[in-house]
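Enquirer: Each chain, letter by letter, is given below.
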Amino acid sequence: MKRPRPPPWLERQRYLLDFTLSSLGRRKGKNLALAALYTLVVFGLASVLMFTQALRGEALRVLEGAPDVVVQRLVAGRHDLIPGDRVERLSRIRGVQEARGRLWGYYYDVSARANLTFLVPDRFWGKPGEVVIGEGVARTRLSRPGEPFPVLAADGEVVVLRVRETIPSSSELVSSDLVLLSEADFRKLFGVPPGLFTDVALTVPNAKEIATVATKIRGLMPDTRPITHAEIARTYEAILDWRSGLVVLVLAAALLSFGIVAWDKASGLSADERREIGILKAIGWDTSEVLTVKAWEGAVVSLSAFLLGLLLAYVHVFVTPAPLLAPVLKGWSTLYPDFRLTPTVNPFIVSTLFLLTVVPYTVATVVPAWRAATTDPDAVMRS
Amino acid sequence: MRKSDRFLLFLLGMLALLETARLHSLHRGRERAEEVRAMTAMARRLGLTDLALFTDARYARHPSQADRFAPFQDHPTSLEHFPSGSLVPPPPPPPTP
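Protein chains in written order, with the working numbering: chain A, 987 to 1369; chain B, 44 to 140.
In isolation and in its complexed conformation, chain A is listed as follows:
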């Protein structure tokens, strides 16, 4: 039985693709180097976009549990402790279900050279003298349950607490540097007198009332700064937005590289490429066929690099712990959470990357070829 022949158009494209691949193979070194560089740019750009997008999604989901409003007291423009009677006054505001004085603060651990966050939970389940620590703290200080946890108190005395348990490592993204302890231990360590709190967390059951409650607080207590849940979410959207430092930096570098490659391509063909076009025209190829070959050439390089870069970025961000991005985020921290993100392949990111990379490169390949292909073959070969 005879195999059905593909439509002539398709067969023609396959022959043109065969020719393109052979033509690329004649300049193997140059084209491989170009594809490798191209893959690297797509990889870098896709890694940052995937990472920030996944982190932003995770932050917004996790911080749904954040307080509805946090009220800070400001003294001379700086955050200061808030007296307990304000907690009572705040709870009387219409729309507020509960007001709770929070106690938390930072402790610079000299031995680990890390900033720890000490926090008093609403109902601490340990005994006085015990602490519950985040996995990052346990890792950095080599502390395990049952072991002593010495801390330098505000009065210079070394207070030896004991590790009760560690917070499960699956929640490191929010708990890595946490040290949970009792109210009495916190006040003793940091010298916070009774009746004073770090800030006040409010529960406002009706989300539509949160902005009104915040306005009322500003009127009632002009020396305070209410921070609403929406503002917390906006902060994280801003940090992990495309305008954030990390993304802009990589985006600018990538666009610059593309600009250079596109400029190099668009500014002219090499002598070999011009001669090739001249010969093709001289043996009877028409302009559209030359342009199709050139379009295939751009598509082969850019599509291969795009797909490879995208896949490598996915593996880098979601299969490995993003080893190339983590040092950027770590900064000078010695205590960094070990976390995995929820993988997301956003069609918007994929199509944006495609439009930013494949389309301009292919166009930049075709334009100079069109210029050469529309001139007389004899002139092209002689030039």
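A few of these clues could be false.
To be verified - Stretch by stretch, here's where chain A covers chain B in the computed footprint (C-beta under 8 Å, at least three residues):
(1) 53-64
(2) 75-86
(3) 91-103
Said to hold, decoys possible - Think about it this way: if two alpha-carbon atoms lie no more than 25 Å apart in a straight line, the pair counts; the simulated SDA-like pairs of lysine to any residue are:
(4) A:K1316 <-> B:K46
(5) A:K1113 <-> B:E62
(6) B:K46 <-> A:T1273
Simulated from the structure, these hints should not be mistaken for lab results. Cβ atoms here follow ideal geometry from the backbone N, Cα and C, with glycine treated the same way.
Dock chain B against chain A, hints included.
Expert: Frame of chain A, contents of chain B only:
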């Protein structure tokens, strides 16, 4: 085998790997949903406001709670000390009443 066939096979292979990545993301997403729910519950129970991402500077550890002038708190034109400070923009301005 023709060169075009080899290239098309390569493309199909890449697309199959991308589809595998998509299926992996769905599978991992389902697994991870439970952990994210646990973190949300922890944030609610402990009243957490920020992620423990940047622990090098106080204002980077809790960017949503930091002073508005946080990166320049030492003096108005001081240079930023911490690398994470360049990633953390100042908190958004308060909404106008």
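Enquirer: For each hint, tell me whether it holds in the structure or not.
Expert: Okay, the hints, checked on the actual structure:
no.	hint	result
1	53-64	holds (count 7)
2	75-86	holds (count 10)
3	91-103	holds (count 12)
4	A:K1316 <-> B:K46	violated, 46 Å
5	A:K1113 <-> B:E62	violated, 51 Å
6	B:K46 <-> A:T1273	holds, 23 Å
Consistency note: the structure conflicts with the earlier hints numbered 4, 5.
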